[in-house]
Amino acid sequence: MTEVSGLTGNLVADVTQLFVFPFMVNAYLAGTIVAVVSGLIGWFMVLRRESFAGHTLAVVGFPGASGATLLGISPAFGFFGFSLAAALVIAATGARGNGGRRTRSEESAVIGTVQAFALACGFLFVSLYRGNIQGITALLFGSFLGITTDQVLVLGVAGLVTLGVLGAVARPLFFASVDPAVAAAEGVPVFGLGAVFLLLLGLAAAEASQITGSLLVFALLVVPAATAQILTTRPAVSVSLTLLIGLAITWLGLALAYYSSAPIGFYITSLAFAAYLLASARRLLADRAAARGGPARSSGTGMSAMPRPATTPQGGHPS
Amino acid sequence: MSAPLSLVLPTAVIASAGTIFEQPFMQYAFLAGTLIALAAGLVGYFLVLRGQVFAGDLLTHVTFTGALAALAFGVDLRVGLFATTIAVGVIMAGLGERGHADDVLTGTTFAWILGLGVLFLTLFTTNRSTGNGAAAIRVLFGSIFGLNLATAQLAAGVGVAIVLVMLLIARPLLFASLDPAVAAAHGVPVKLLGVIFLGLAGAAAAEATQAVGALLLLGLLAAPAGAAARLTSRPFLGLTLSAALAVASMWIGLVVSYLVPPVPPSFAILAVAAGGYALAFAVTGRQPQNSGPSKEPLPAGLGHPVL
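Chains H and A, in that order, give the protein sequences.
At position 112 of the first sequence (counting the first as 1) the number is 112 in this note's numbering, and the numbers step up by one without a gap.
Throughout, this note's numbering is defined as the position within the second sequence, counted from one, plus 1000.
Chain A extracted, bound-state conformation (with noise of 0.2 Å):
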C-alpha cells in the first residue's frame, strides 16, 4: 500500500520539522536571530518614523566597508564592524542638524566608504593567502548558520543590550521623532538623541549583519517597520507590531531554510519580510495616506500652458 504523494510530502516535511531544534546550528541561529531581529524591529520602526531610511542604507552599507578593513589588517571582524558603524551613525546626526536635508552627501559619502571597502577587499585578498573571496561574501549576505555558542550568546547579548536602551529612550524619542520643536520646547534633548539614535542604529547594523548580512539588512530594518507602520497610526502600538513582524520573519525565514536547503537563510528571511510589507499593502488597500490638501487646480483661466 503505497501512501498517496500528497500524503507523504507534508508528513516528510512535520518530521524533519520537528528535528529541526535537535541542530545545534540551528539553536544558536535562533538565538541569535530572535534577539537580532528584535534590535531591527525596533530601530527600523524609529527609522522610517524619522525618515531617516537612507541613512540606515548608509549605516548597513559601512558595515561592509568596516568588517574587510578589520580582516585586511588583522583584527576581529566584530571590532571593526561596531567601531565603523557607531561612529558613522554618530558623525552623521552630529553633521545631520545643520543640513538635515544632505540626501546627496549621504549618498556620496556612501558610494566613498564602499569603495574604500572595495580597495580592502583587495588588500585582503592580495596580501593573505588564506583569505578568500568568501569571507567578503559572508559579510555581504551574512551567514546566520555559521555561528557556533560564543558568537550567538554575543550576538543575543548584544542585542538584549540595544533593545533594553531603545525601550528606555523609546518615549523621548517618539515625542522627538513626531515634533521636534515643541519637544524641544518641552526641554527634550531632541539633538542628543539624534545623536543616540543613530548611534543605535549603527549598533544594530553591526549586529544584524552577521545573520542576514550588510546588503540585505536594509530589508530587515525597512520592511517590517513599513508594514507595522502601515497598518497602525499608534505609536507604541506600532513600535511593538514592526518588532513582532522582524521576530516572525527571522523564524519564518530560518525555519523555511532549513526546510528548503537550496535557498541561503538570508533570502528566505528577506523573502518573509518583504512578502510581509506587501501584505500590509493588499489589507490597507491604496488608500491615499492623508497626503495634505490635495493642489487643487487654479481657477480656469489662470492654467495655460508656458512651455
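Just chain H, same shape as in the assembly (with noise of 0.2 Å):
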C-alpha cells in the first residue's frame, strides 16, 4: 500500500483514486456480491437463531483452505468443500425438526467440537504446509488484495445459486423460521427446510470468509441483519436494510483499509458494531419515549425480540 499517494480531501479525486488498480476493482466487484448474498441469507440466519452454526462452517473454511493449499489446488474449493460438508454433519447431527428444541445444548456442544476440531485441522496442515504466516492470518482475518478475476467469477456463480435457491425455498423458509410447529401442522417439510438453509449458510460463510477471514464472517452475516431487525419488524423493509447496511460496510471498510496501514478485518468488524451499537441505542430511545408517551406505540418490540419459546432449560420461569 505504499503507492497509494494518499487522501486528498477530494471526495471525487480520492474515489477514482479507489479504483486505478485493478485489484481494487476486483476487491470491490467482490465485496458487493459477499455483502448481498450474506446479508440476505444472514437476515434468515438472524432469524432462526442460528448464528453459531454460521459461525462454525465459516470456520471450517479455515481448514478447507489450509487443505486444498496444502494440496495445491485453489483454496475457492477447500472453502467450499469443507463448509457443505461441514453444515451436512450439523444438518444430520442435530436438533430433529421442532420437537429438537429443547436439545440446544447438546447441539451446541457439537458444533463447538466440529468448530474446534475444524481449527485444529487447519492447524495441522498449515504446520504440515510449513508455509508463510502471511498466508495462514490472512486465511483467517481476510485480505482484499490478489482478489482475481476468477475467483469474482466463483463468487458470482456461487452467489446467484445460492440466491436461486433461497429465492425458491423464502416463503415456506419464513413461515417454518418464525412459526415452526404451526408450519409443521401445516405440512411444511420443517427439518428439510432446515438442512436446506443450513446448506445456504455454508455457502454463504464460505464467499464472505474469502474477503473478511474466517474468523470475521459474523461481520457480514449477523450484523446487518440484526441491526435492520432492531430498526424495524416489518420483513420487506428489514430485508432492504439489511442489504443496505451491509453494501455501506463492505465499500467503507475496503475504502479504509485502501488508505490506511490497518487491516480490512479491523474496519468491517468496527463498522458492523458501530452501526449496531446505533441502532440499539436508537431503539433505547425510541422505547423510552414510548414508554413515557403512553401506551399508543406497540410495535417496541422487533423482530429480533420476538418471544421465544423457552430454547434453553433456563430460560423459562421468570420467578
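No wet-lab data here; the hints were simulated from the structure.
Glycine residues also receive a C-beta, built at the ideal position from the N, C-alpha and C atoms.
The reader is advised that the hints may include incorrect statements.
Simulated coverage check for chain H against chain A, where a stretch passes if three residues somewhere in it have a Cβ under 8 Å from a Cβ of chain A [what the hints assert, rightly or not]:
| # | region |
| --- | --- |
| 1 | 51–57 |
| 2 | 117–127 |
| 3 | 220–230 |
| 4 | 264–273 |
Far from chain H by the CB rule (all over 10 Å, computed), these chain A residues [said to hold, decoys possible]:
| # | residue |
| --- | --- |
| 5 | 1022 |
| 6 | 1094 |
| 7 | 1172 |
| 8 | 1196 |
| 9 | 1240 |
| 10 | 1255 |
| 11 | 1279 |
Hints in hand, dock the two standalone chains.
What follows is the structure, given as C-alpha cells:
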C-alpha cells in the first residue's frame, strides 16, 4: 500500500483513485457480491437464531483453504467443500425438526466440537505445509489484495446459485422459521427446509470468508441483519435495510483499508459494530419515548425480540 | 537375523515412549497440561449444562485479542490474557440476566473483538522489529511444548485455584443451572453464581490458551463435557467424567504428539477429545434424548398447506 498517494480531501479524486488498480475493482466486485449474499442469508440466520452454526461453518473454511493449499489446488475449492460438508454434519446430527429445541445445549456442544476440531485440522495442515505465516493470518482474518477476476467469477456464480435456491424456498422457510410448530402442522417440511438452509448458510459463509477471513464472517453475516431487525419489524423493509447496511459496511471498509495500514477485517468489524450500537441506542431511545408517551406505540418489540419458546432449560420461569 | 518389521516398529515406539518423561519440556507440558485439562473439563461441563457454549466460544476468542493487546503495548502476555477474559466473562454474565437469549449480541461483540485483535496484531508486527507473526500463531494455536519450569508452575497453580473454586461452588451452581427459579426461591444467589462462573470460565480460557491456543480451546471445553453429558445424566458423575475425559485427551494427545513429531500437540489433543465425543455418540446411539413430546400432527382435516 505504499504506492497510494493518500487522501487528498477531494472526494471525487479520492474515489477515482480507489479504482485505479484492477485489484481494487475486483475487491469491490467481490465485496459487493459477498455483501448481498451474506446479507440475505444472514437475515434468515438471525431470524432462525443459528448464528453459532453460521460461525462454525465459516470457521470450517480455514482447514478447507489450508488443506487445499497443502494439496496445491485453489483455496476456493477448500472453502466451499469444507463448509458444505460441515453443514451436512450439523444438519444430520443437529436437533431434529421442531421437537429438537430441547436438545439445544447438546447441539451447541456438537457445534463447538466440530468448530474446534476443524480449526485444529487447519493448524495441522498449515504446519505440515510449513508455509509462510502471512498466509495463515490472511485466511483467518481476510485480505482484499490479490483477488483475481476468476475468483470474482466463482463468487458470482456461487452467489447466484445461493440466491436462486433461497428465492425458491424463501416463503416456506420464513414460515418455518417464525413458527415451526404451526408450519409443521400445515405440512411444511420444517426439517428438510432447515437442512437446505444450513447448506445455503455454508455457501454464504464460504463466500464471505474469502473477503473477511474465516474468523470475521460474523461482521457481514450477522450484524447487518441484526441491525435491520432492531430497526424495523416489517420483513420487506428490514431485508432491504440489511442489504443497504451490508453494502455500506463493505464499501466503506474497503476504502478505509485502502487508504490506511490497518487490516480490512478491523474496519469491517468496527463499522458493523458501530452500526449495531447506533441502532440499539436509537431503539432504546424510541422505547423510552414510547414508555413516556403512553401505550399508543405497541411496536416496541422488534423481530429480534420476538417472544421465544424456551430454548434453554433455564430460559423460562421468571420467578 | 533381521527382525520382522512388525516387531521392530512397536519396540521403537516403546523405546521412545520410555524416554518420554526424561525430557524436561515433556515434564512441564504434563504438569501444566493435566491441571489445565482438569479445569477445562470442570468448567466445560457447566458450560454445556447451562447452554453457554457460545459464550465460552466468545471467551476463548477474547484471549486472542487480550494477548495481542498485551504484546502490542509491551505488557506481560498473561496479564493481558487474564485481565480481558475475566472482565469479559463478568460483563457478559452481568448483562446476560435481562436478555438471556442474546446470541446475536454475543456474536456481534465477538466479531468486533476479533477485529480489534487483528488491529493489535498489525500494530505489534509493524511497530516492534522483534515481533513477528509467530507470536500470533502461538496465541491462536498454543505451544504447550514451549513452556519452561516457571510458566508451567504458574499454569499449574492457576489450574489448581480454578479447580478448587469450581468444586467449592459446584453444588449450588448445579442447582442454579438446572432449575434457576427453584434455586432462587431457596435463597441460592443465582445471579452471583452466574457471574462467578463466567469469571472462572474466563480464567480457565486464559489459562488453557497457553496450552492449546485461543482457537482450539473451545474443543477442550466442549468435547469432553458433551461426551460426559451424553454418557450419563447424573450430574456429579458427569462432572467427574468430563474432567477425566479432558485429562485423558491431554495425556494421550501429548504422548501422540511426542511420538509423531509432525503432529502439533494442539491438534493431537483436540483430535483425541473430538474422537472421544464421536465415540460417545456411537456408544449411546441415536437415542432421541427425550426431546419432549413430539408435536403430533393436527387431525387430518386441519392440516392443509397454505403456501
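Holds or violated: the region 220–230 of chain H covered by chain A, criterion of 3 or more residues with Cβ-Cβ distance under 8 Å?
That given contact holds, which follows from 3 residues of the region 220–230 of chain H lying within Cβ reach (below 8 Å) of chain A.
Residue 1240 of chain A clear of chain H by more than 10 Å, beta carbon to beta carbon?
17 Å, holds
For residue 1255 of chain A, which was marked as not at the interface, is the minimum beta-carbon distance to chain H over 10 Å?
17 Å, holds
Looking at residue 1196 of chain A again, its CB stays over 10 Å from all of chain H?
16 Å, holds
Closest CB-CB distance from residue 1172 of chain A to chain H, is it above 10 Å?
Given that every Cβ of chain H is farther than 10 Å from that of residue 1172 of chain A, nearest at about 14 Å, it holds.
Closer than 8 Å, Cβ to Cβ, for at least three residues: run that test on the region 51–57 of chain H against chain A and report holds or violated.
holds (count 3)
The output says residue 1094 of chain A does not contact chain H. Does that hold with a beta carbon cutoff of 10 Å?
The claim stands: residue 1094 of chain A keeps its Cβ more than 10 Å from every Cβ of chain H (closest is about 16 Å).
Does the claim that residue 1022 of chain A lies outside the interface with chain H hold up, using a Cβ gap greater than 10 Å?
25 Å, holds
Chain A covers the region 264–273 of chain H, three or more CB atoms within 8 Å, holds or violated
That given contact holds, which follows from 8 residues of the region 264–273 of chain H lying within Cβ reach (below 8 Å) of chain A.
Verify this label for me: residue 1279 of chain A is non-interface relative to chain H, using a Cβ-Cβ cutoff of 10 Å.
Consistent with the label, residue 1279 of chain A stays out of reach of chain H, its closest Cβ about 12 Å off (over 10 Å).
Do at least three Cβ atoms from the region 117–127 of chain H come closer than 8 Å to Cβ atoms of chain A?
holds (count 7)
Of the numbered hints stated above, none is contradicted by the structure.
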